[in-house]
Amino acid sequence: MTPNPSSRAAEPNADQQRAARREVFQYAVRRFGVYLFTLWAAITVAFFIFRLVPGDPMNILLGNLTRAEGRQRDAAEQEVIIARYRQIFGVDDPLPLQYLNYLRKAFLGGLDLGPSFVEYPAPTRDLVFRRMPWTIGIFTTSVLLAWFIGTGLGALIGWLQRSQLSKLAVVISTLLQITPVYLVALGLIIYVGYTWRILPAGGPYARHLQPEWTWEFISSLLTHAILPMLSNIIVIGAGFTLGMRALMISVLGEDYLTFARAKGLSPFTVLKDYAFRNALIPQVTALAIIVGATLNGTFIIEVLFQLPGLGTLFVQAMGLRDFNTMQAVVLFSIFAVLTLTLIVDLALPLLDPRIRRLA
Amino acid sequence: MTALLEIRGLSAGLQGRRSVTQVVSEVDLDVEAGEILGVVGESGCGKSTLATAIMRLLTPPQVLQSGSINLRLRDGKSVDLLALSDTALRQLRWRHFSYIPQGSMNSLNPVLRVGRQMMDTLIQHGLSSDEALARSLEALELVNLEPKLLESYPHELSGGMRQRVIIAAAVSLQPALIVADELTTALDVVTQRQILQELAGIRDELGATIILITHDMGVVAQIADRVAVMYAGKIAELGTVNDIFEAPRHPYSQGLIGSIPRESGQRVEGLPGEAPSPWNYPAGCRFHPRCPKIFEPCSEQAPLLLAQEPDRWTSCHLYDAEVAADA
Amino acid sequence: MFYAKRVLLISVLALALVSVLSLAVAQDEELVFGDLPRSETFIVASQAPHNDVWDSFNYYQAGTYNNATGYANVVHEPAFITANGFYPWLAQSWEYNEDGTEMTLVITEGANWNDGAPLTMDDWLFTLQYNKDHADKGISWSGFLANVEWSAEGSSITFTLPDTNWRFHYNFGGLGTFSPIPKHVWEGQDPTTFKNPNAVHSGPYRLVSSNPDTRTTIWERRDDYWDPDRLPAPKYQVWLKRPEADVAVFEWEEGNFDLGRMPFSVMTRIMSSNPHIKPLVHQDPCPRALIFNTLNPPLDDKLFRRALGLLLNRQAVANLANVPGYVTPVLWPNLGEPDERYYDAAAAEEFQVTTFDPEAAAALLDEAGYPLVDGARVNKDGEPISLDALYIDIGNPAWTVWSWLLAEQAELVGIEINPRLLDIPTFFTQLPNGEFDIVFRWFCGNLPGDPVQMFDGLHSDNAVPIGERAGGVPGRYSNPDMDALIEQIRTADPASEEAQSLFRQAYRIWAEDAPYVTLFGENEGVVFNSQYWTGLAVGQPWVHWTPAARQIIDFLEPAGDM
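Protein chains in written order, with our numbering: chain U, 1 to 359; chain F, 1 to 327; chain D, 1 to 562.
Hints are supplied without guarantee of correctness; some may be wrong.
Stretches of chain U that chain D covers, calculated by requiring three or more beta carbons in the stretch to come under 8 Å of a beta carbon on chain D [to be verified]:
id, region
1, 80-88
2, 202-212
3, 282-294
4, 303-314
5, 319-331
Below 30 Å or equal to it, Euclidean Cα-Cα: the simulated BS3-like pairs (lysine-lysine) are [claimed, not checked]:
id, chain 1, residue 1, chain 2, residue 2
6, D, K137, D, K183
7, U, K105, D, K195
8, D, K235, D, K278
9, D, K137, U, K105
10, D, K241, D, K278
11, D, K137, D, K195
12, U, K272, U, K105
13, F, K77, U, K272
14, D, K183, D, K132
None of these hints come from the bench; they were simulated from the model.
By construction, the Cβ of each residue, glycine as well, lies at the ideal position given by its N, Cα and C atoms.
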């Protein structure tokens, strides 16, 4: 009755497998097409929206300048300055031509996103590339950490849903989740940063340092990153915890969980292979959704903690109506969210065998 | 010969905010080795709760209130399943008693391959992975499934195949006792018949004892040796399949049997009224509001499950000589 | 064995003693920003605008020029410093020829740059030519050199002017000024992109480091400053971007900053928790005013405009803004007491400048032909009058309160005025384009800067159609008499009695026509930490965010008790 079982079991149908592989490939191609189209649409919408926002950057520039210098300029001098900047920014062309120029420069000109006012003459691309590491470093790391912590914690309190501690954890998480990230960050700054003086509460690193590969700089960078990341982790992590707990509880009610326990599997195996793995699938999707929704919270954190990230850049650019920079920041955010969603979508089949078929 | 499984005074209920609502009340039941015991009753009569309680798989708000369930092991020792520690119980599961749950269609983990789900249990119970594979293949053969199914994911299988995988998993360690809850409910008639035949074959081949929980009298008639009829959390009647089907004694059994269509096109009379829910079990005999043979003590005094003759138990005042005499 | 133990014990004790002592010595001097002694460091929490640039020290760059780094205050020096007059700095004096077609500037000998190189006539001449050559690049301090020729002799530069111009020297002093740049640094550089990375200029400090990530610039006093008598007290200055006010409060309470702006709302709190913190309220040099769009009827009627002026209760604004002395009424287009030489008191009396008198306003409206019909004033077409009043909110209550007070008073006389809050970018766009009825803004026309600015913005050159950007006062005001006076003022010597008479006549027209009405002068909330430094006081002639603030560091003295 058991003639060489392993060969019988492990012999997959070659045709079927090839077909399955083709299906996955087609799915990936289609998904990537949707990704490119969404990206293009986002670029287009961002381009026109920011140019339709009332407020002419050239005038704002002059207004700021007047305040900084404390004197009125004569009209001729103003005209020269304005004409100069209008030419540099190419805003005298008709809008469709500006749009085509923008696309051409952005895609064929080595990601040339145009000039910027924020730190003129530094071009927008340089600004975004210089600020990006901060946002990616603080935001991505903290969201991922929040996700891992929240998923683990949520799985645990979902699993132990009836213990008192677990109920307390739910109350605390709910409170934290509804707290505006601004308040959490401010609370951390006030108590941890100033009252107890445990950690530095502002700036990317100590003010007298310059970036270099020394222990002093790296340790300063790390200690300065703790509070801003913690602000994000607390609020986002609480959301992930609650989400994972809910997913866990609904999975715990599934028939296959009862069956797994009936089989005499150890609680750890049941938790790991049966409950957690199933709850994980929607939780991964939630990660991609959350990223977009929490980006603005990170912007607030950046401003509060004086981090030179994209959020701070956006606030500055908004104040100047520096449309190239605003657009670049928004594009980066959209790009990040879309790319993450793409990665998640392409990764989901690995987690969930059912999706491989649907594709 | 002592019974394989002795259930004594088993009560289980639902934990409410303040009190517990009893679903299964004081059930006494012996299951003999090698037999197929059918437990039948309408939906909500507590038969699934009974099955889960036997498996000690009650989850809140379900709670066990009292009772003992003694299982005789292979070495002849008897253990109370309800008194064992979780760890000790886990050792016994699958080796000594296994479970085919209600909703078998959804009892497979969608993200793990069938093989892994069968084998992880076996490995947990101390088999090497080669042994586990061999056992799994044997078990699949018992239910006429191809070995390559081990490589499949549950969603790639039909309902009948999934049901068979569950059965194969349940018998893979050749347990003495298998509790099967609504085994065939979601299946078409042909598949149903095949699976029942396979189950009977397993009993014959492995010598397993099977408790078959179902609402379908037809299934019981096909395969069971003895039948326990449950009504409102209690056993109304217990006897051999022939006795029960040929000459039911409890008015409820009579009603149930009477409602089986014997010939095609025959009109049957169902029982009047509805089965009570656990929140409003009637006092006295729980069947009395629907009973065509109601008499005086029925609404006040609960009848006991008494043996009128060997292997013939009825819980009805009509068959309780003392009460009938008083009346 | 026993002996060895004792030796060990003694050496451990000695070691402990030494480390405790050295720790005590180390703690004797508090260090900040790495190794700067706190008592020798002056820390400014500056409020950089949105375009804060920390790696460029280019004073030409219109888009990025700001003083967040302190560059304008501690390194960049003007030819003359202005504080109630002109004081020599990089230049000593100026002199005009008889008809005002030539001006001779005497430069200061012996100055040097903060990289050690001498500041010579070569640098002056290079800068003049450099500015003139790059006039088309939209850089500051170049327009005034058009058609001007110059020649140097000894330490004098003689400018040959195209027309009579008695005000040419104002380009070398006052708030926005010409000053020389080092030729050896700037030669061959593009004024719009060069970053002057070492911040070379003639001031008493040199750049230690500046970091756009932490937004911090550290300056160190130099030993070879060209005027040792005016060497400032702080050995180090640190200029940093102030955190959000909510966070900055704690820095102030801990005494981590020495000077900076803070909102009035939190100043009291800071001062009560740190007794060293003192308010250093000073008046913003630019009075606030309301501009009327004189193209929009009935604002084209000077009587109507004056009536609106009469409805403004400037004292009530001060009271409602809730900081006593926070705002002070302004009588003329400049702050403070009017300078009698340029001011016509009779005109101010006659046209009730800055008077609050709703009854007079009502009478004036009746007289001008805006009768009250069914409780509403109607215009010449018989339609009810409704006007928008635009303003921005930068956190100062006075900027908001005036509009509600005006609307309330106007309603009492039957005119509907709708206050509209704009965001700052929109405001800066609508204002020069003339897209408003009434708008709140500031005027910087103060003496002793070029007094021509007092009325120059009212020239009808600025009365361009709505939708085109206007310089000067954007209210589209035009009056041939005013134009004639302004043109005369432009060529007159402001110090002459003749020019002063012209100013008085212009003042009279301004008071009668009311193209804009002044509201109040406003105080800035600056706080000063006296724990490490003293010497700054209310009333000193400085504004910390303009180049003229070069002086503030001269007032500083060590607190001494450290």
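Results for each hint:
Only when three residues or more bring their CB closer than 8 Å to a CB of chain D does the claim for the region 80-88 of chain U stand; here the count is 6, and the claim holds. Restraint check on the region 202-212 of chain U versus chain D: 10 residues with Cβ-Cβ distances below 8 Å, three needed, restraint holds. A count of 0 residues in the region 282-294 of chain U with a Cβ less than 8 Å from any Cβ of chain D is obtained; the coverage claim is therefore unmet, three being the minimum. Counting residues of the region 303-314 of chain U whose beta-carbon sits less than 8 Å from any beta-carbon of chain D gives 4, enough to reach three: the coverage restraint holds.
A stretch counts as covered by a chain when three or more of its residues have a beta carbon under 8 Å from one of that chain; for the region 319-331 of chain U and chain D the count is 3, and the coverage holds. Taking the CA atoms of K137 (chain D) and K183 (chain D), the gap is about 19 Å. The hint holds against a cut of 30 Å. Proposed proximity of K105 (chain U) and K195 (chain D) is supported: the alpha carbons are some 25 Å apart, at most 30 Å. At roughly 22 Å between alpha-carbon atoms, K235 (chain D) and K278 (chain D) fall within 30 Å of each other, so this suggested pair holds.
Simply put, K137 (chain D) and K105 (chain U) have alpha-carbon atoms about 24 Å apart, close enough for the 30 Å limit, and the pair holds. The hinted pair formed by K241 (chain D) and K278 (chain D) meets the criterion: a straight-line CA distance of about 20 Å does not exceed 30 Å. Distance hint between K137 (chain D) and K195 (chain D) is fulfilled; the C-alpha atoms sit about 16 Å from each other, no more than 30 Å. Using a Cα cut-off of 30 Å, the hinted pair K272 (chain U) and K105 (chain U) is violated, with the two alpha carbons roughly 50 Å apart.
Annotation: proposed proximity of K77 (chain F) to K272 (chain U) is violated, straight-line Cα distance about 34 Å (limit 30 Å). Our distance criterion of 30 Å between C-alpha atoms is met by K183 (chain D) and K132 (chain D), whose separation comes to about 15 Å.
Of the numbered hints listed earlier, those contradicted by the structure are 3, 12 and 13.
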